[in-house]
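Colleague: Construct the entire structure; sequences and hints are all you get.
According to numbering that gives the first Met the number 0, the stretch in the sequence shown is residues 0 to 391, in order.
It is worth saying that the hints were derived from the structure and are not from the lab.
Now the in silico label distances, taken between C-beta atoms and shown as ranges: (1) Glu253 to Ser212: 12 to 22 Å; (2) Val88 to Lys211: 34 to 44 Å; (3) Gln80 to Pro44: 29 to 39 Å; (4) Ile40 to Leu266: 27 to 37 Å; (5) Glu309 to Pro283: 45 to 55 Å; (6) Asp85 to Lys291: 43 to 53 Å.
Remember, it's a predicted structure, so these values are computed and weren't measured experimentally. For glycine and all other residues, C-beta sits at the position ideal for the given N, C-alpha and C.
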Amino acid sequence: MNSQQWLSKLISFNTISSNSNLPLIKAIDSWFKQHGINSHIVYGPTKLKANLLATIPAENGEIQGGILLSGHTDVVPVTGQLWDTDPFVAVEKDGNIYGRGACDMKGFLAVMLALAPAFKKMALLKPIHFSFTYDEEVGCIGAGYLVEYLQKIKLQPEGCIVGEPSGMRPISGEKARQVYHCQVQGLGAHSSIPQQGCNAIEYASSLICYIKSLANHLKENGPFDNDFDLPYTTITTNIVSGGITSNVIPGNCEFIFEVRYLPQFPLENFRSQIENYIHDELLPEMQKTFPKAGIYLNQTSDAPAFNAQEDSSITRILRLVTGVDDRLKVSYSTEAGIFQDAHIPTVICGPGDIRQAHQPNEFISIEQLDLCEKILSNVINFFCVDLERSIN
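Modeller: See the structure below:
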């Protein structure tokens, strides 16, 4: 199967993070075994989701070292989005392939899978490893278990490419990301007697507006790092839920906000500012009406920042192969920091445009898939292949 065929197959698996990814993982496992490539399914805490690790050893049987190509299998939901086609049926039009995950990031997975049989035929001096992870979109969960497995079997790749969409340009840095869940507990009442209640939505709105004011301050005053596509820390509220009907004062409201922050951002001061506003401003006002009112703030996700090692072999080879010397950094989060923290030199480089990710009518161009194949093949030649024997 070529990369376009593989992409169509991968899109057909509905791997929204709330679903199991096992049907897709088992299809990949079958493909590797069909081509005589050793693969192992690495489950998470339950048997509902799993990572997969596959290895093509060097000619002498060595599996230590080498390169790791990695991507996540989950995709974001399509609920509420207006698609022109079925998001889980790949559609080719005007040189693009449409479907959920086409860009983020099943396009890279498709190229990995399509190239694997050809890689197996090469005269490898170093092994090639492939990893397919789960639940990247909800906190980079699966990659942590994959790294634990690598450490358990004492496998330490010399370099890693995380194939998030970058237009096949090497990305050397990304912001850290934290996600917070906030629950505002007030008191419900009939809407005709609002003074008897404590309106959780209104107090949650006040807190959301305060968080927005912090975000505006950062946008105007920094700190800044102009190597990033968006050179300041961002804070956004992305989910809000509250109320039960139009004639009842809401007793509960909850919302989720995220922080994508620069390395120099004072994270602890930020959280203290929010907690001080809650305890000094909001709670005293709420408790005048309802003494048991509460606001609960919990961190639910923490993805580390990422900074590539410029002197590593994988970084130098990717810069050589792509011809891109600029140190580009991005605001979106990936699993790169998890691999880097495991002492595996890592670079982000994958096909597609991040502006397509998570959008209705998501697509990737066939031109980008072809470029990814070319670049990965050249990287493998530089990193893993005995060039003299391959030429002969």
